[in-house]
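Q: With these hints in hand, go ahead and build the complete structure from the sequences.
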Amino acid sequence: MTEQQRLVTWQSPSLYINQMRQMSGTEYINAVRSGAMPVSPMLKLLDIHGREWHEGYALFTVLPQEFHYNPMGIAHGGLACALLDTAMAVAVMTMLPQGVGYVTLEIKINFTKPMLNESGEMRAEGRAIHVGSKTATADGRITDANGVIYAHGTTTLLLSRPESPQR
61 MTEQQRLVTW QSPSLYINQM RQMSGTEYIN AVRSGAMPVS PMLKLLDIHG REWHEGYALF
121 TVLPQEFHYN PMGIAHGGLA CALLDTAMAV AVMTMLPQGV GYVTLEIKIN FTKPMLNESG
181 EMRAEGRAIH VGSKTATADG RITDANGVIY AHGTTTLLLS RPESPQR
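First residue of the sequence shown: 61, per the numbering used here; consecutive thereafter.
Errors might be hidden in some of the hints.
Claimed, not checked - Keeping only pairs whose Cα atoms sit at most 27 Å apart, straight-line, the calculated DSS-like set for lysine-lysine is:
id : residue 1 : residue 2
1  : Lys104    : Lys173
2  : Lys194    : Lys173
3  : Lys168    : Lys104
These aren't lab readings, by the way, just hints derived from the structure by calculation.
A: So, in structure tokens, the structure goes:
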């Protein structure tokens, strides 16, 4: 057997989290695109790329590669889950004001077709459905260049707002 190797470099989120909290969601994601803020370590590890976003919408892509594969010779379901989680969360992020963060509270994914390297670039589109004071919801789908659906899902995000000063 021949061992394969892949080198990934990243910056620790602890170095920039305070700076990120001073930005709106759109300001942060635009800072990542411009290089003013680093790409998330998870996105670098999985080779996921942000392509487009505007209020309530985000598009991320990945080319399934052998290092994404499970023992059955297809991309692990966690890749589709991470790709959709990112697209759906960033769609919501584009609507969040400065200081509001989020974590995924729930995610539901339906896998409809296995992702392979031969499938080509996978496109995950996320759309915000509802952004409230405490939670947000979004949906998303992964398609290939021909619009064939490989997975689709929904998410609920728990929003964290800055602490109000006590009176």
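Q: Now tell me, hint by hint, if it's right for this structure.
A: Here is how each hint holds up against the structure:
With a CA separation close to 24 Å, the supplied pair Lys104 and Lys173 stays within the 27 Å bound. Proposed proximity of Lys194 and Lys173 is contradicted: the alpha carbons are some 34 Å apart, above 27 Å. Only pairs whose Cα atoms come within 27 Å are accepted, and Lys168 paired with Lys104 is accepted, the gap being roughly 23 Å.
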